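Asks: Sequence:
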Amino acid sequence: MFIKVKDKSHIRNSIFIRSSQMSDSIFLGIVLALAGGFMDAYSYISRGQVFSNGQTGNLLLFGVNLASGNFYVSFHYIVPVIAFASGIALSEVIHIVAYKRNEKFLSDTSKDSDNVCNKSVETSGRRPSRLMPSFSMLSFHWRQVSILIEAVIIILVAFVPVGENQLANSLTSLACGIQVESFRRIHNRNIATAMCVGNMRTAVESLCSYYYHREPSVKKTFLIYSSAIFFFIVGAILGNFCINLFSERAMLVCGMLLLIGFLIMFIDLEKAE
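Just so you know, we're using my numbering here: the sequence shown kicks off at 19 and counts up by one.
There could be a bad hint or two in this list.
Said to hold, decoys possible - With beta-carbon atoms standing in for the labels, derived distance ranges:
id, residue 1, residue 2, range
1, Tyr230, Val91, 23 to 31 Å
2, Pro179, Glu233, 35 to 43 Å
3, Asn206, His113, 14 to 22 Å
4, Leu270, Ala85, 19 to 27 Å
5, Tyr229, Phe93, 45 to 53 Å
6, Tyr230, Tyr90, 19 to 27 Å
7, Arg232, Tyr90, 54 to 62 Å
Said to hold, decoys possible - Keeping only pairs whose Cα atoms sit at most 16 Å apart, straight-line, the calculated EDC-like set for lysine to aspartate or glutamate is:
id, residue 1, residue 2
8, Lys238, Asp42
9, Lys237, Glu223
10, Lys238, Glu223
I should point out that these hints are in silico values taken from the structure, not numbers from a laboratory.
What you are looking at is a predicted structure, and each value in this text was computed from that prediction instead of being measured.
Yeah, the Cβ is synthetic: ideal placement off N, Cα and C, and Gly gets one too.
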């Protein structure tokens, strides 16, 4: 069951709502960017200066320490990379399984509809309106499953003892990999909610293009990407603040952010059109 937004006339052209589906909306993008900044700040400040989101630094440090013969230290940096890749793989598996189940659901519903129609023709001589399968019958969108799993993992991180930083960072990178793979678009634009380099490139590129061409769509692109960067930074600030207050338990706040994202996805904007 989805919550419908009845009156959207006053926000129809706003980047802050308008989207084909809630998983593609700026609202969810803001929540995910906050969580992304929070996770990176937490893993760096509280868990041994390891980046959980962007794996470039971890790969670099893995190579440097490997070349220096610091094999144990190099292992310390490669494990989050493997966990991140595992998160991407897990997200893709969730997507594939959900797609196949939806496909089977549609096929079975279509067959049931044909059977009802045929029986009605046999008994009354009239063919009823065809029963069309509805995705609202399905409990969750596959991305909701992904973000719920991510939230559970992040909450578990909050209870990992301080001395077990390797485990905490691996779980955080696993969750980040799920997020990066599951949520790749905002308003039909490819975007990352857990890192900033690609977003910065596109934001600056769009700003320069808008300066010369004044196209509204380019301005909107700049606003979307710069918003993702801004809220990532806000998430890092929030993470630092919560770490000072709650130490390793600070990740509970990040888990709550992700649960908010899970609930946001029950709002079905497309059906309210």
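Asks: Does each hint fit the structure? Answer for all of them.
Replies: Against the structure, the hints come out as follows:
1. Tyr230 with Val91: 23 to 31 Å: violated (48 Å)
2. Pro179 with Glu233: 35 to 43 Å: violated (53 Å)
3. Asn206 with His113: 14 to 22 Å: holds (18 Å)
4. Leu270 with Ala85: 19 to 27 Å: Cβ of leucine 270 to Cβ of alanine 85: about 39 Å, so the range 19 to 27 Å is violated.
5. Tyr229 with Phe93: 45 to 53 Å: Once the Cβ atoms are compared, 48 Å apart, the range 45 to 53 Å for phenylalanine 93 and tyrosine 229 holds.
6. Tyr230 with Tyr90: 19 to 27 Å: This hint is violated: roughly 53 Å between Cβ atoms.
7. Arg232 with Tyr90: 54 to 62 Å: Since the Cβ atoms of arginine 232 and tyrosine 90 sit about 56 Å apart, the hinted range of 54 to 62 Å holds.
8. Lys238 with Asp42: holds (15 Å)
9. Lys237 with Glu223: holds (11 Å)
10. Lys238 with Glu223: holds (12 Å)
In terms of the numbered hints stated before, the structure departs from hints 1, 2, 4, 6, listed from lowest to highest.
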